[in-house]
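S.K.: What follows is each chain in one-letter form.
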Amino acid sequence: MARSLFAVVVAALLLFSPVSAQRGGRGGPPPSPRGAAPVDLTGQWVSLITEEWRQRQFTGVKGDFGSLNVVLLPPARKTAAGWDPARDAAAGEQCKAYGAAGVMRLPTRVRVSWQDDTALRLETDAGTQTRLFTFGPPQGDGGDWQGLSTASWDYPQAALAGRGFGAAPGGSLKVITTKMKPGYLSRNGVPYSGNAVMTEFFDRFDVPGGDSLLVVTSEIVDPEYLATPYWTSQQFKRETDASRWRPTPCAAR
Amino acid sequence: MRSARGLRGLLVGALAALGTTLAGQAPVIPGAPTGQAPAVDLSGYWTPALHEDLMERGPGAELADYGGFPLNEAGRLWALSYDPSRVTLRHHQCEAYVTPYQMRALGNFRIWEERDPYTQRLVAIHLWAQTTEGHRVIWMDGRPQPPAWAPHTFRGFSTGRFVGNALAVTTTHMKNGALRRGNGVPQSDQATLTEFFVRHGDHLTNITVVSDPVYLTEPMVRSSDFARQPVDPGAWLYACDDGEQILDRADDFVPHYLFGKQPFVREFSTRYKIPLAAGLLGAVTMYPELDTRLASATEAEGQALLSPATGRAAETSRALDREPRDGEVHVLPIRDNVYMLVGDGANIVVQTGDQGAFVVDTGEGKLADKVITAIRGLTSKPIQFIANTSFRSEHTGGNARLGDAGQDPSLLGSFFVQAAPRGVTGFFSDPGAHATMMAHVNVQVRMQAANAPAASVPADTYLEDRRRKFHNGDAIEFFYQKDAVTDGDSLIHFRRADVIVAGDIFTTTQYPVIDVKNGGSVKGEIRALNEILKKTVYRHQGEEGTYVVPGHGYLADEHEVVEYRDMVVIVRDRVKAMIDTGATLAQVKAARVTADYDTQYGANTGPWTTDMFVTAVYDSLKSGR
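Just so you know, the sequences run in chain order A and B. If you want the working numbering, it's the 1-based position in the first sequence plus 92. If you want the working numbering, it's the 1-based position in the second sequence plus 11.
Derived from the structure by calculation, the hints contain no laboratory data. The C-beta atom is built at its ideal place from N, Cα and C for all residues, glycine as well. Just to be clear, a hint being listed does not mean it is correct.
List time: in silico EDC-like cross-link candidates among lysine to aspartate or glutamate, alpha-carbon distance up to 16 angstroms [unchecked claim]: (1) Lys329/A <-> Glu300/B; (2) Lys329/A <-> Glu229/B; (3) Lys600/B <-> Asp622/B; (4) Lys284/B <-> Asp156/A; (5) Lys273/A <-> Glu185/A; (6) Lys266/A <-> Asp213/B.
Among the chain A residues that face chain B by a calculated CB cut under 10 angstroms, a handful are [unchecked claim]: (7) Pro130; (8) Leu140; (9) Ile141; (10) Thr142; (11) Glu144; (12) Asp156; (13) Gly158; (14) Tyr247; (15) Lys266; (16) Thr291; (17) Arg296; (18) Pro300; (19) Val307.
Listing some non-contacts, in silico: residues in chain A with all C-beta distances to chain B over 12 angstroms [claimed, not checked]: (20) Pro121; (21) Thr134; (22) Leu165; (23) Lys170; (24) Thr171; (25) Thr210; (26) Thr226; (27) Phe227; (28) Gly235; (29) Leu240; (30) Thr242; (31) Ser285; (32) Cys342.
Based on the provided sequences and hints, a complete structural model is requested.
M.R.: In structure tokens form, the structure reads like this:
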């Protein structure tokens, strides 16, 4: 009796779940990640460097860690103390500040587009980098500057919404990036390791007056170099004028 | 006894009904305005993650580093003029933070919901910030914004709605304050703040978008991160009382730097080996183009940015017009039985009670009948007293009509009626049959000299520094300001209600109308503003407490007065410094000595222009007043 009642409850919950209708469809195949997107992140966006301005707009001197001071472990300070941009350039590693954990903090424009129905592509004009956010199992082995990024849609966590009763609107893109080639969190050589894991949320906000903002909230966990998770949020403004796209190669300084 | 199948049927039906109800209504709470569904729960304790701008948010930003801020010329000059030691002045010591600054401050936050106990509708979301004990209320019940003439607070007036997975908040009615800690980057009282709160697990991000027509060329966007704390951090208070920090300073001393004389302006650029112009170029400093822009920047360009650009017309105010201009008279309750009436020229104040109404200033008189109607809506008693802060027609234009509509029962049948000399006309006659009008004697003299109608001229005058009257249960004091904007100005203080009516000594809309020909002076104006500040007491963190009714503009407190006082002192100092070097009036005007204030108060047309104000300051100083 109890088992059959439970089955009835479950059946009723599923039957009246609008989430299934909105995000998966009823009786048909689930929509592709592109079709299920709760927010449109595509387009060209320009970074607004309004925080950590000096450190992000100019390459700091060796040992100038800015706010990173609060999270660095001694090995990170030691490595940063040995920063030598000429050596990086000579070694062909001038892109160390343009890896996934650093490039979103640089002054740059980004272009977001769907590579196909299951992967979003994010390009930067600073350093001419490409990040690929793949929904589903990661593809490739990683080990390059941008590592492996796994994407998913993150829906609101309102009471009941998304859990069977009612779907709250909106949502975020969640991206987890691993297997990055060791690089720099800032252009003056503050390091992150190959074991770093970066979790990002991409949110879009439309502001009265017509501007749209893309805010990328990130957490970087790196047991080798960081004492605590490193939390930042970067804001970008949508651009309709694509002419300002200015691809430039990586620069070690 | 029901069968198991029947019970299952009932359950299915009940759950179906429940599911239909919730699914059909989500995410909107029944009866709530659209967008009020709680799409995100922000409740709890939050600690800021100081992984960005740590130095700025703690010790404070470096001087002359305005990079990343889209400052216009006025904003840049305001910041360059700012001396951080200004916070040693008594009235600046305990000022709270305006909301965009507060959200970047150190210290914990606590967020909780307020719900109607009967409907459980979400009424408001409260935020308590440890620093400055900043209590924000974000109204979620769809209530309208206050009128333009309502008081401003550091936190402002906020309304919210859920948009997607975020709480979107709009805030207006903020005071002017700092947009950044410590180095003078300003935010004006005209700023509008748009915010988004989005939560990802225990990571809360607050995005602030400040639009400020006075000091910014485009919106200023920042984002701040907070970590949820599972237990109460326990530190929520931030006590502050002001005191004497530096003794024996004159009342009219305000720390600031003359244009081009900021002594530390090169420290930042020198220390970090970047061009002087880098931190001064405004909006371009936020974008990737900064590197190419700086490639062409010269030392001379950086030097030029330290002073107002010359050879151009003065900027004009970009502030909101505070006048309703709808042909109606609007009533704003101030405190207890004191009200501000807006809409007919200068602001009018009405005190009501068991006795007749006590009215301070009567406006232009164009809407006098509506003013009378509004007063009758506040009290059934007659208008008994009319006090004028000034002789100007914007303050006395309604005297005759309001006086005629009033009555002074304290005189009827008294000695004064019996003794009224024959042949006396106007309001010197028939005492008690109309409201009694009070003012400093110079108001009477000036109005008579201007051939004002006798029925509009105050007859009950005082000559020296103070007049007092107990009326409607309150002690009302007049304080004569002998040479402020004219030679007949009075401050009028309702002591119990703690409301000061400032007349045109203080406005929130324009430079002070210093009428040198009618006895006004810049020194007297500063003295009068300081006189207000000697009487005010803030309730909490530099705001509220004593209310100050300006001649024009929104209901203020001491914060607006001290900022206005600072402005007059600073402009005076600039003009005086030029006079001391032998500058002519034309040279003073060409130097644009008000450039950092013109987008707030400036006018190039109308009855009181920036040019006229600078002329008044110059003439006043040249004559030693």
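S.K.: Hints first: check each against the structure and report whether it holds.
M.R.: Hints and how they fare:
1. Between Lys329/A and Glu300/B, the direct Cα distance comes to roughly 14 angstroms. Compliance with the 16 angstroms bound is thereby established for this hinted pair.
2. Proximity of Lys329/A to Glu229/B is assessed by CA-CA distance (about 12 angstroms); at most 16 angstroms being required, the pair is judged to hold.
3. For the hint pairing Lys600/B with Asp622/B, the CA-to-CA distance comes to about 7 angstroms; that is within 16 angstroms, so the pair holds.
4. A threshold of 16 angstroms between alpha carbons decides the hint, and for Lys284/B with Asp156/A the separation of about 13 angstroms falls inside it, so the pair holds.
5. A distance of roughly 11 angstroms separates the Cα atoms of Lys273/A and Glu185/A; the hinted pair therefore holds under the 16 angstroms criterion.
6. For the suggested pair Lys266/A and Asp213/B, the alpha carbons sit about 15 angstroms apart, so the restraint of at most 16 angstroms is met.
7. Because the smallest distance between the Cβ of Pro130/A and any Cβ of chain B comes to about 7 angstroms, under 10 angstroms, the interface hint for this residue holds.
8. With 10 angstroms as the threshold, the beta carbon of Leu140/A comes within range of chain B, its nearest partner Cβ sitting at about 5 angstroms, so the hint holds.
9. Proximity of Ile141/A to chain B holds as hinted, the smallest CB-CB distance being about 5 angstroms (cut-off 10 angstroms).
10. A distance limit of 10 angstroms between C-beta atoms decides the matter here; for Thr142/A the minimum to chain B is near 4 angstroms, and the interface restraint holds.
11. With 10 angstroms as the threshold, the beta carbon of Glu144/A comes within range of chain B, its nearest partner Cβ sitting at about 5 angstroms, so the hint holds.
12. Hint status for Asp156/A: holds, given a least beta-carbon distance of 8 angstroms to chain B, under 10 angstroms.
13. At a threshold of 10 angstroms, the smallest CB-CB gap from Gly158/A to chain B is about 7 angstroms, leaving the interface hint in force.
14. Checking Tyr247/A against chain B by beta carbon gives a least distance of about 7 angstroms; that is within 10 angstroms, so the hint holds.
15. With a least beta-carbon distance of about 8 angstroms to chain B, the hint placing Lys266/A at the interface is held under the 10 angstroms criterion.
16. Because the smallest distance between the Cβ of Thr291/A and any Cβ of chain B comes to about 8 angstroms, under 10 angstroms, the interface hint for this residue holds.
17. Because the closest C-beta pair between Arg296/A and chain B is about 8 angstroms apart, less than 10 angstroms, the hint holds.
18. Checking Pro300/A against chain B: minimum C-beta separation of about 6 angstroms stays under 10 angstroms; hint holds.
19. The interface hint given for Val307/A holds, since its Cβ lies 6 angstroms from the closest Cβ of chain B, which is under the 10 angstroms cut-off.
20. Consistency note on Pro121/A: stated as away from chain B, and its beta-carbon is indeed over 12 angstroms from all of that chain's, at 22 angstroms minimum.
21. The claim that Thr134/A lies off the interface holds: its Cβ sits roughly 17 angstroms from the closest Cβ of chain B, which is beyond the 12 angstroms cut-off.
22. Non-interface status of Leu165/A relative to chain B is upheld: no Cβ of that chain comes within 12 angstroms, the nearest being about 15 angstroms off.
23. Even its closest Cβ contact with chain B, about 21 angstroms, leaves Lys170/A beyond 12 angstroms, as expected for a residue assigned away from the interface.
24. Even its closest Cβ contact with chain B, about 19 angstroms, leaves Thr171/A beyond 12 angstroms, as expected for a residue assigned away from the interface.
25. Interface exclusion of Thr210/A from chain B stands, the closest Cβ pair being 22 angstroms apart, more than 12 angstroms.
26. Annotated as non-interface, Thr226/A keeps its C-beta farther than 12 angstroms from every C-beta of chain B; the closest such distance is 20 angstroms.
27. The non-interface label for Phe227/A is consistent with chain B: the shortest C-beta to C-beta separation is roughly 18 angstroms, beyond 12 angstroms.
28. With a minimum CB-CB distance of about 27 angstroms to chain B, Gly235/A clears the 12 angstroms threshold, and the non-interface call stands.
29. Even its closest Cβ contact with chain B, about 21 angstroms, leaves Leu240/A beyond 12 angstroms, as expected for a residue assigned away from the interface.
30. Consistency note on Thr242/A: stated as away from chain B, and its beta-carbon is indeed over 12 angstroms from all of that chain's, at 16 angstroms minimum.
31. Every C-beta of chain B lies more than 12 angstroms from that of Ser285/A, the closest at about 18 angstroms, which supports listing it as non-interface.
32. Listed as outside the interface, Cys342/A is consistent with that label: its C-beta sits roughly 15 angstroms from the nearest C-beta of chain B, beyond the 12 angstroms cut-off.
When each numbered hint is compared with the structure, no violation occurs for any of them.
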